[in-house]
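S.K.: Given next are the chains, with one letter for each unit.
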Amino acid sequence: MDKAAAPLGIKTSPPPDLHGPRDVAPRRYKVLRRKFVVIMALVAIVPLIAMGAINYLEFQAALSREVQSPLRALLYKTKNTIELYLAERASKVSFIAQAYGFEDLADETTLRRIFKVLSSTSEGFVDLGLIGDDGVQVSYTGPYALQGVDYSNEAWFQLVQVKGIYISDVFMGFRRFPHIVIAVRRLGDDGRFWIVRTTLDTSQFDKIIAAMGLESDSDAFLLNKKGVLQTNSRYYGDVLKQAPFTLPPQSYEINLVDTTDPAGRDVYMAYTYFSDVNLVLMAVKSRVGALQTWSAVRGDFILIFVVGTILIFLVANRLTKGLVQHLKESDERREFAFREVEHNQRLSSIGRLAAGLAHEVNNPLAIINEQAGLLKDLLNRQADGPEKERYSRLADSILAAVKRCRDITHNMLGFARRMELAIEFLSINEVLAETLSFLRKEAESRDVEIILDLDPNLSTIPSDRGQLQQVFLNILNNALAAVSDKGRIQISSKDSGQNVLVSIEDNGCGMPKETLEHIFEPFFTTKKGRGTGLGLSITYGIVKRLGGDIDVRSTPGQGTTFTVLLPKQGKLEERS
Amino acid sequence: MDRSPWKVLLVDDEQQFVSTLAERLELRGIAARVAYNGDQALEAVEIDTPNIIVLDVIMPGMKGLEVLRHVKAKHPEVQVILLTGQGATRDGIEGMRLGAFDYMIKPLDIEALVEKMEEAYNVALQARNME
Chain A
653 MDKAAAPLGI KTSPPPDLHG PRDVAPRRYK VLRRKFVVIM ALVAIVPLIA
703 MGAINYLEFQ AALSREVQSP LRALLYKTKN TIELYLAERA SKVSFIAQAY
753 GFEDLADETT LRRIFKVLSS TSEGFVDLGL IGDDGVQVSY TGPYALQGVD
803 YSNEAWFQLV QVKGIYISDV FMGFRRFPHI VIAVRRLGDD GRFWIVRTTL
853 DTSQFDKIIA AMGLESDSDA FLLNKKGVLQ TNSRYYGDVL KQAPFTLPPQ
903 SYEINLVDTT DPAGRDVYMA YTYFSDVNLV LMAVKSRVGA LQTWSAVRGD
953 FILIFVVGTI LIFLVANRLT KGLVQHLKES DERREFAFRE VEHNQRLSSI
1003 GRLAAGLAHE VNNPLAIINE QAGLLKDLLN RQADGPEKER YSRLADSILA
1053 AVKRCRDITH NMLGFARRME LAIEFLSINE VLAETLSFLR KEAESRDVEI
1103 ILDLDPNLST IPSDRGQLQQ VFLNILNNAL AAVSDKGRIQ ISSKDSGQNV
1153 LVSIEDNGCG MPKETLEHIF EPFFTTKKGR GTGLGLSITY GIVKRLGGDI
1203 DVRSTPGQGT TFTVLLPKQG KLEERS
Chain B
-7 MDRSPWKVLL VDDEQQFVST LAERLELRGI AARVAYNGDQ ALEAVEIDTP
43 NIIVLDVIMP GMKGLEVLRH VKAKHPEVQV ILLTGQGATR DGIEGMRLGA
93 FDYMIKPLDI EALVEKMEEA YNVALQARNM E
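Those sequence lines, one after another, are chains A and B. Numbering-wise, this note's numbering puts 977 at position 325 of the first sequence, and it's gapless, one number per residue. Numbering-wise, this note's numbering puts -4 at position 4 of the second sequence, and it's gapless, one number per residue.
In case anyone wonders, no lab produced these hints; they're calculated from the structure. Fair warning: this is a prediction, and the values are worked out from it, not measured in the lab. Take the hints with a grain of salt, since some may be wrong.
Derived pair list, reagent style PhoX-like, types lysine-lysine, alpha-carbon separation capped at 25 angstroms [unchecked claim]:
#, chain 1, residue 1, chain 2, residue 2
1, B, K108, A, K1093
2, A, K973, A, K729
3, A, K744, A, K815
4, A, K815, A, K878
5, A, K1055, A, K1093
6, B, K(-1), A, K1028
7, A, K1028, A, K1040
8, A, K1028, B, K66
9, A, K1196, A, K1146
10, B, K66, B, K(-1)
11, A, K859, A, K878
12, B, K108, A, K1055
Cβ pair distances, simulated, as ranges [unchecked claim]:
#, chain 1, residue 1, chain 2, residue 2, range
13, B, E38, A, Q1210, 54 to 64 angstroms
14, B, E38, A, S1148, 33 to 43 angstroms
15, B, R20, A, F990, 51 to 61 angstroms
16, B, E107, A, S1049, 22 to 32 angstroms
17, B, P68, A, E1039, 45 to 55 angstroms
18, A, K1040, B, E38, 40 to 50 angstroms
19, A, N1032, B, E107, 52 to 62 angstroms
20, B, A104, A, Q1034, 19 to 29 angstroms
21, B, R20, A, R998, 20 to 30 angstroms
22, B, E18, A, E1039, 36 to 46 angstroms
23, B, P68, A, E1096, 25 to 35 angstroms
24, B, A104, A, S1049, 14 to 24 angstroms
25, A, E992, B, E38, 50 to 60 angstroms
Beta carbons are placed, not taken as given, at the ideal position from N, Cα and C, and that holds for glycine.
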């Protein structure tokens, strides 16, 4: 007899790590899923954030530059204009001082004539005067009565003696009108000096600043180095008011700082100090206005980011859900497969043990059987007597016990019938007929009608003859056990496309639903004490191994139909 | 008791089993020779061809099915009843395909065996008449 081999190539028990988790905890998948989502989301969102941040900063910087550079250019131009304006005025005054002598200028008529020419060629001159070295106004032409005013104690009078030329801050002076003084000292040939002094109307500064064409949210003004406004400002007060902020550090370049003005607005403050004059030119532009574009873009950025993040999470979640579900299912399938393999292995080893045991026991049992039989045979030939009857009874009880043992070993062997697959091309009809031949005698003796309805055109299929016989034998045995005497069993075979279909129908006692649910389970039996409960579980296992399927329908009292489905392609590749 | 005309050969490696079985058949008027392995069996068949062989399937040395094949090849009219210790359907079926008359499972019911022999003898007679 063939050695009962391990099923389907699994010769040794699988390594323990292949078993995977015994209990597939749903928590494990939750954790896995969360991890997946977080990792996927991180991988996607971190670059998004980084890109967003870089974009944000770059864009802001670019935008700032775009706002700042016109401001710088404008400021630079205006500074130049003012410097030019002052330099031109100063050079004219210098020219007058150089071109005319003291006596010429002291003459009011000459002075007036000069002033007339001066103011006709240059705007802004208010008056012109000559001051002697004692600080007293020698001659004057202009709208004010300043003849004889003594300037000797004025700070500018001291400064002009040292520097040669002096340009003042804006101040009210005696005139109660914002003005600026340009004074030029002239040294005479005799060592005496005199000073030509003119006053400029600072509205010229206002004009220059107005010419900057500033937007409504911007402001530009002149300050002196003490922070006193030299021109009117839109937001920070009128001329000669103290500006409401501290001056930025001194720089003759054009500097730009981000700051907050006293009203709390975020502003760009561009400024530059004048080198020759005690002046600071300053322009202030609201950052809110400048960055309005930016705010809109930032809104878009945030929208894209939020929508992107939500999308990433949704997609990650969706993908992970599918993935984890797939994983879970394959885990379950694997788990199920392992359980099945394990079960098969257990059955197979029990089968080997049973077969070995039955074999070992059957031979001595046969000897006992024959010897006791012989004893009985011999006794039968003896003359009757009380002894003969007693011995005969003893022999009978030995024979009865042997019969019981035989039934047990036969059951064990029935359960051990699990062998290697030996695939060959078979005619199912032939196999059915062969199998039936084992049972025909019993069927005849019980007057059970066996109807064959076999499709003669059935194609041969690759399968295992012995295993199939086992399958049909088991089902037919059950059918025979189910039907009463004079019952009927119908065996039919037919082609069903991919499969060959064999159905075995009886009109026996049938099974209730509860039994039907368990019939393929090992050790389940309704034949208490007689069956091992392995027949149908083995049958099921064999059919599955052959790549087929088995189906059973039963109605209590009306009969049972077993349908075996065998693939035409077979399972040749599964030979171990 | 009438002496049966059957010539029976019992083949099994279990000597006690076959000799006792032979004795019991003898008591039933059936002449039975015994062989303890396949070679002896084939030898015995050559010396005096039996009508019926009762053949154990599982034996050391030459297996029962092999003996069956040899016998059937030379003497197709001889009817062989297989005995299997393990009741393996597979061997039984294989034996049937090779031309065995039937198979029985050990331990034997002697009356059933005699019955089976009777059927086998009738078949053997028919087979011989057909020749």
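S.K.: Each hint should be assessed against the structure and marked as holding or not.
M.R.: Going down the list of hints, with the structure as the test:
no., hint, result
1, B:K108 x A:K1093, "12 angstroms, holds"
2, A:K973 x A:K729, "65 angstroms, violated"
3, A:K744 x A:K815, "17 angstroms, holds"
4, A:K815 x A:K878, "21 angstroms, holds"
5, A:K1055 x A:K1093, "21 angstroms, holds"
6, B:K(-1) x A:K1028, "24 angstroms, holds"
7, A:K1028 x A:K1040, "9 angstroms, holds"
8, A:K1028 x B:K66, "38 angstroms, violated"
9, A:K1196 x A:K1146, "19 angstroms, holds"
10, B:K66 x B:K(-1), "17 angstroms, holds"
11, A:K859 x A:K878, "23 angstroms, holds"
12, B:K108 x A:K1055, "19 angstroms, holds"
13, B:E38 x A:Q1210: 54 to 64 angstroms, "58 angstroms, holds"
14, B:E38 x A:S1148: 33 to 43 angstroms, "53 angstroms, violated"
15, B:R20 x A:F990: 51 to 61 angstroms, "57 angstroms, holds"
16, B:E107 x A:S1049: 22 to 32 angstroms, "24 angstroms, holds"
17, B:P68 x A:E1039: 45 to 55 angstroms, "49 angstroms, holds"
18, A:K1040 x B:E38: 40 to 50 angstroms, "43 angstroms, holds"
19, A:N1032 x B:E107: 52 to 62 angstroms, "18 angstroms, violated"
20, B:A104 x A:Q1034: 19 to 29 angstroms, "25 angstroms, holds"
21, B:R20 x A:R998: 20 to 30 angstroms, "46 angstroms, violated"
22, B:E18 x A:E1039: 36 to 46 angstroms, "24 angstroms, violated"
23, B:P68 x A:E1096: 25 to 35 angstroms, "27 angstroms, holds"
24, B:A104 x A:S1049: 14 to 24 angstroms, "20 angstroms, holds"
25, A:E992 x B:E38: 50 to 60 angstroms, "52 angstroms, holds"
Violation of the numbered hints given earlier is confined to hints 2, 8, 14, 19, 21, 22; the remaining hints are satisfied by the structure.
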